[in-house]
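Undergrad: Chains A and B, in that order, give the protein sequences. Under my numbering, residues 1 to 290 are what the first sequence spells out, in order. Under my numbering, residues 1 to 281 are what the second sequence spells out, in order.
Simulated from the structure, these hints should not be mistaken for laboratory data. Cβ coordinates follow ideal geometry from the N, Cα and C atoms, glycine included. Fair warning: there could be bad hints in the mix.
Said to hold, decoys possible - Selected chain A positions facing chain B (in silico; Cβ < 8 Å):
1) D176
2) Q181
3) S185
4) M186
5) G188
6) W286
To be verified - A few chain B positions that, by computed beta-carbon distances, are all more than 10 Å from chain A:
7) A25
8) R32
9) G114
10) P250
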Amino acid sequence: MTTYVLTAPQGPKVGPHLGRPRRHILGLATRRALVAYAVVLLLWQFGATSQSWLGTRLPVIGNVPSPVSVAVAWVGLVGDPGYWQSWYLSFSRVLLGFAAAVLVGVPFGLTMALNPLFRGIAFPVFELLRPIPPLAWVPAAVIFWPTQELSIDFVIFLGAFYTLVINVMQGARAIDGRLIQVARSMGGSRWNVFRRLILPGALPSICLGMEVGIGITWEVVVAAEMISGGGSGGTAASGGGLGFFIWSSYVGGSYAQIVVGMISIGIAGYLSSAALRRLEVLLTPWRRAY
Amino acid sequence: MMPTSVARGALHIEEVVKIYDPHGARIPAVDRCSFNVAAGEICMIVGPSGCGKTTLLNAIAGFLPIDGGTIRLDGEILCGAGRPQAKVGPDRIVVFQNGSLFPWKSNLENVAFGPIMQKAMSPEQALDTARRMMAEAGLGGLEHLYPGETSSGVRRRVEIVRALINDPTVLLLDEPYRALDALTKSVMHEALLEMYYRKKTTIFFITHDLEEAIFLGHRVIVMTSRPCRPKLILDVDIPYPRDYGVLTSPRFRELMGAAAAAVQEEAAKAFELGEKEGVAA
Chain A
1 MTTYVLTAPQ
11 GPKVGPHLGR
21 PRRHILGLAT
31 RRALVAYAVV
41 LLLWQFGATS
51 QSWLGTRLPV
61 IGNVPSPVSV
71 AVAWVGLVGD
81 PGYWQSWYLS
91 FSRVLLGFAA
101 AVLVGVPFGL
111 TMALNPLFRG
121 IAFPVFELLR
131 PIPPLAWVPA
141 AVIFWPTQEL
151 SIDFVIFLGA
161 FYTLVINVMQ
171 GARAIDGRLI
181 QVARSMGGSR
191 WNVFRRLILP
201 GALPSICLGM
211 EVGIGITWEV
221 VVAAEMISGG
231 GSGGTAASGG
241 GLGFFIWSSY
251 VGGSYAQIVV
261 GMISIGIAGY
271 LSSAALRRLE
281 VLLTPWRRAY
Chain B
1 MMPTSVARGA
11 LHIEEVVKIY
21 DPHGARIPAV
31 DRCSFNVAAG
41 EICMIVGPSG
51 CGKTTLLNAI
61 AGFLPIDGGT
71 IRLDGEILCG
81 AGRPQAKVGP
91 DRIVVFQNGS
101 LFPWKSNLEN
111 VAFGPIMQKA
121 MSPEQALDTA
131 RRMMAEAGLG
141 GLEHLYPGET
151 SSGVRRRVEI
161 VRALINDPTV
171 LLLDEPYRAL
181 DALTKSVMHE
191 ALLEMYYRKK
201 TTIFFITHDL
211 EEAIFLGHRV
221 IVMTSRPCRP
231 KLILDVDIPY
241 PRDYGVLTSP
251 RFRELMGAAA
261 AAVQEEAAKA
271 FELGEKEGVA
281 A
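Produce the entire structure from the sequences given, and follow the hints as far as they go.
TA: If you want it as structure tokens, here you go:
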């Protein structure tokens, strides 16, 4: 009699060269980002300290404060409430200007996309104003608006407004006409075509416009906050906003602080865009499918 | 092979003219085109690219005005003298070549869209009906996926169910299976016939694929190259229900031969026309 020995199925064999699968606490994208930051910091550090190890100052980068000195300056600021107030002020200005741009820009862009008469009237004016950089609006804004704060918000608003409107308009006009024909033949009223087709159809472009737009608001925050002249206090870190913080650090000659301010704006912009990307995923769930 | 006992969905196309006028060129896309589609018929329209078949379909659907003639549905004038453009309506639903499901609605919401829009059913009723019809069409379990998450074959089926839930008088199909591979296509054909047997809705079906045309249709109408007019009307005397076995039957081959000769002739004409216009432009 023959006995058959059944062996229990083994797990997938792992070749010796593969070894134990490594477990990572951080995801691949995060690890790559960290490596990239580390490389940039290292190159910057070497470049900025070229005087000491090369004997001669490298052009451009040799004049920049080193990451270490920036870090030291930053540590000095962490306990300074003025620095955090600058964060708060810039963030609230950006959010206010940006929210106004969304509230005005989305309906404006949609109306231009859907109504030829309105587009015929509004678009030429819009196109004429669009190339004027927000910075060029600063003096006029100071004159037009009753308070300093409103002038700043207005300049920030302009930063996001134009990009947003262009995106909303293109997005709404790019919707496949056949979808609208189908909806009409199935009895969809004009309002339903707008609400159930044009709005969701334009949503990805609206989100893209917001993402690009909020980036620009942080780009113009320096120009806008030059208006503020330092808010209530007047010293470098006493609350003019991050944009003003950079300007006054430059005027005050603390170069490491300039860089702290720059990186702070970079971080703030990154956070804002990341939040909007998160919002986009929530608003347009069907796009995960593509 | 005319269908019997179907009360509605008869199309009468009489002397229809449609002229495109880009920069005053006045190109007649459809010229004194006349033919009828019987109630409950699957009428296949074949013709060279750009011959004006889709123009005709758009005129029936109400997406385009015509420049002459009359189109009637069950005796009522859709468009004609005094009313160049038909009103769009759920009695004539179009399924397009590349699909036009709403990407932001789930398959189920897509199917339920029509009845909800027309207020023909409450949203709950519409969703229930949609669920049942999807199950009948073998689409159970795919209700909550977005169209983008499913294969092109599934999307086409969902789209036809979305059309049928409106209980249309005529289903207008504009090369709905063009982009599909042969295998998926054959599954689509059997699924379409399956749905047809249940409802006997009149189907106006534009295609380039002769095999598809003869396999599905009661009749195949081969159109001339621009301007569009019937060149050959072929009665497909193969009884329903049809399965893929008929493809190899002698009668099928005979019909294929007759249709192919007519199509070939027109395609050559269309090609020449295109060449001339290319030189002129």
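Undergrad: Next step is simple, just say for each hint if it's right about the structure.
TA: Here is how each hint holds up against the structure:
| no. | hint | verdict |
| --- | --- | --- |
| 1 | D176 | holds (7 Å) |
| 2 | Q181 | holds (6 Å) |
| 3 | S185 | holds (4 Å) |
| 4 | M186 | holds (4 Å) |
| 5 | G188 | holds (5 Å) |
| 6 | W286 | holds (4 Å) |
| 7 | A25 | holds (23 Å) |
| 8 | R32 | holds (27 Å) |
| 9 | G114 | violated (4 Å) |
| 10 | P250 | holds (41 Å) |
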